[in-house]
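Undergrad: Residue numbers (our numbering): -2 to 635.
Note that these hints are calculated values from the structure, not bench results.
Since the structure is predicted, the reported quantities are computational estimates derived from the model, not experimental observations.
C-beta: ideal position from N, C-alpha, C; glycine also.
Hints are not guaranteed to be accurate.
In silico SDA-like links for lysine to any residue, alpha-carbon gap of 20 Å or less [as the list claims (entries may be wrong)]:
#, residue 1, residue 2
1, Lys431, Trp530
2, Lys598, Asp543
3, Lys592, Lys623
4, Lys110, Ser90
Cβ pair distances, simulated, as ranges [what the hints assert, rightly or not]:
#, residue 1, residue 2, range
5, Pro221, Arg85, 31 to 41 Å
6, Ile486, Gly323, 19 to 29 Å
7, Tyr243, Lys536, 51 to 61 Å
8, Asn572, Ile486, 25 to 35 Å
9, Lys199, Asp613, 51 to 61 Å
10, Asn616, Asn494, 18 to 28 Å
11, Phe207, Ser576, 42 to 52 Å
12, Thr135, Asp468, 44 to 54 Å
13, Lys628, Ser113, 53 to 63 Å
14, Asn502, Glu578, 29 to 39 Å
15, Gly323, Arg85, 50 to 60 Å
16, Phe27, Glu198, 25 to 35 Å
17, Glu433, Lys628, 18 to 28 Å
18, Phe27, Thr103, 13 to 23 Å
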Amino acid sequence: MHLTRLILGVSLFVVFGFNAMSQGGYAVHFIPDSLKQNANAVFQLNKTEFVIISKNKSIEKTHQVITILNDRGKKYATLYEGYDKKSRIKRISARLIDVNGQVLETYDSFDFKDQSNVSGGSIYDDSRIKYLDLSQSTYPYTIEFKSEVVYESLFYIPNWYALPDQNVSVIHSIYKLECPPELKPRFKMLNSDHQLVEKHEKGVDYVSLFVENQKARRREPFGPAFFESIPRLIVAPSIMGYDGFYGNMDSWKNYGRWQLQLNKNRDSLNNETIREIRIITDQFESREDKIRSVYEYVQNKTRYVSIQLGIGGWQPFEASQVDELGYGDCKALSNYTYSLLKAIGINSHYTKVYAGDNPPDLYPDFPYISSNHIILCVPNQQDTIWLECTSQTNPFGYLGDFTSDRDVLIVTEDGGIVVHTPIYTKNENRQITKGEIQLSEEGNAKALVDILYTGTQYENNDLNWLVDDGDEKLKKWIYENTDIPEFQIDEFEFNLNNNKIPSINEHLELTVRTIASVNEKRLFLRPNLMNRWKKVPRKVSNRQTDVVLSNSFFDSDSLVYIIPDKFSIEHLPENISISNEFGNFSVAYTYEDHKLTYVRKIGWDKGRYPKESYNDFRNFYRAIVKGDKAKVVFVDKT
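Modelling step: build the complete structure from the supplied sequences, incorporating the hints.
TA: The structure is reproduced here in structure tokens:
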């Protein structure tokens, strides 16, 4: 009863606030100039309220007032709210407000368009969105958005961010949470000394946070992910419930145990499939070869289909169903591979991971929902094997950029354990280029080039996805990703090697136009043919964030230029050799018998350096750009 009255009271307060601020209170001239600097939009109000009713019900209320300053901020004028079978939009409305704060138009739920929220990779998905585009052609203008969503669960709880995006400022940011004491979630504040205000009244716990005048930030070159560096609050349930599955997230172990509930009894396979996989694996003696044969069996038999239906967004399809249908999502295919391995007596672990760029840290003392993908971990004595079960092309045991070098939660028989996936170093992530270029007197050339890509560099610009897709797509890839201004492909070939550290060999035969410029009796050649660094990162005064090198790599270019007999060397740049905390860069030139040999090497490992080192890093980068621009000069002495 107390909680019901409280919700009603809060709703009345929000409605009152909505009306009170409509009479010019959102005029653009009220926004301080300091909050317009570097900003494409200003959130005059960014308010979130979350009310926990029970393990089976929670409510999220959103109230935003956003002033759009320019065309780059236009995206914030398209309003979205999502829902699915386990949630419903109770209320949604919007208003368009002019520069003076006067309301031009009011929109209610019927004005919002309603459509499926199925992504390009999803076939089965029950999520939908309501959206409304209020973008205008004249700036500035303001939009106001309110929504209330009811969830039939206690699983998702919104986090708080001081800034919702880069190049956006905030005048008022408000976060409120209300709940019964026994369902109080956990909080972790990062990058801030802001204090939560907590109180208990009439059987209800209240938690709130109020922050003002957050200036817009621009992500700094070679800085961390934007949301990593700003003040933010992570909120996670302790007791959670979703579609009849209840658990405790007070530890990673217990979070893993909740997932075990969802996976229970979903590993059954029919006897024919068990006999088939045992016949296949019995051909091999080593444990690793048996695991490989199961992985390749899954690759050949199944395909990836995204399926997000209710609890199916968290629970895998039964292995027998995947076996029959021949498809599944990451959860289903990982569980299917797990079940096949179990059938031959090999234990493995369902693993929750945040895939893609900027994976979040997993804090030992703070379990929270932090995954968007599932892979499989297979203990193998001293060498753990990791399997990406959704790919028909991924080499056995190779994770790549998508899921390597990050904390993950493996789900063991006793619950969850946080571990780290493999790190690929510059010794594995290589691009080795060797070429011979025959120059003509006019500055054109015939070039024979061989490039070896290994490790994550075999993924360069999605080459790994295209290598088996036919000559037309590969030819297009060459033209789009070969940094030569004007050339023609005469012949090409790609060869794939699917080892644990995969590689691709690219062979090119090219006709290159104006590779060198001719000016009267001189020929000017920039010998770095196709791997030039061109732009120094911008200068940043009063840098706020660390310098982050997000990938490890090593490039080597060894090119031999055959120079026409009529030319002699006039200027050969000095060799370069730089080695510092960031990495290594070297260039060596030799000239003999009308042959110019150019050898360039560069590499670094992933790393993080203090913000004070940014100028030193820029100087290192500047030396690379300068070295890549260097020209050799030949003169016609005939």
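Undergrad: Please go over all the hints and tell whether each is borne out by the structure.
TA: Right, here's what the structure says about each hint:
1. Lys431 to Trp530: holds, 18 Å
2. Lys598 to Asp543: violated, 26 Å
3. Lys592 to Lys623: violated, 23 Å
4. Lys110 to Ser90: holds, 12 Å
5. Pro221 to Arg85: 31 to 41 Å: holds, 37 Å
6. Ile486 to Gly323: 19 to 29 Å: violated, 38 Å
7. Tyr243 to Lys536: 51 to 61 Å: Between Tyr243 and Lys536, where Cβ atoms are some 54 Å apart, the hint holds.
8. Asn572 to Ile486: 25 to 35 Å: holds, 33 Å
9. Lys199 to Asp613: 51 to 61 Å: holds, 59 Å
10. Asn616 to Asn494: 18 to 28 Å: violated, 38 Å
11. Phe207 to Ser576: 42 to 52 Å: The hint (42 to 52 Å, Cβ to Cβ) holds, given that Phe207 and Ser576 are roughly 50 Å apart.
12. Thr135 to Asp468: 44 to 54 Å: holds, 50 Å
13. Lys628 to Ser113: 53 to 63 Å: holds, 56 Å
14. Asn502 to Glu578: 29 to 39 Å: At 33 Å between Cβs, range holds.
15. Gly323 to Arg85: 50 to 60 Å: violated, 35 Å
16. Phe27 to Glu198: 25 to 35 Å: Given about 34 Å between the Cβ atoms, the range holds.
17. Glu433 to Lys628: 18 to 28 Å: With Cβ atoms ~20 Å apart, the hint holds.
18. Phe27 to Thr103: 13 to 23 Å: Once the Cβ atoms are compared, 21 Å apart, the range 13 to 23 Å for Thr103 and Phe27 holds.
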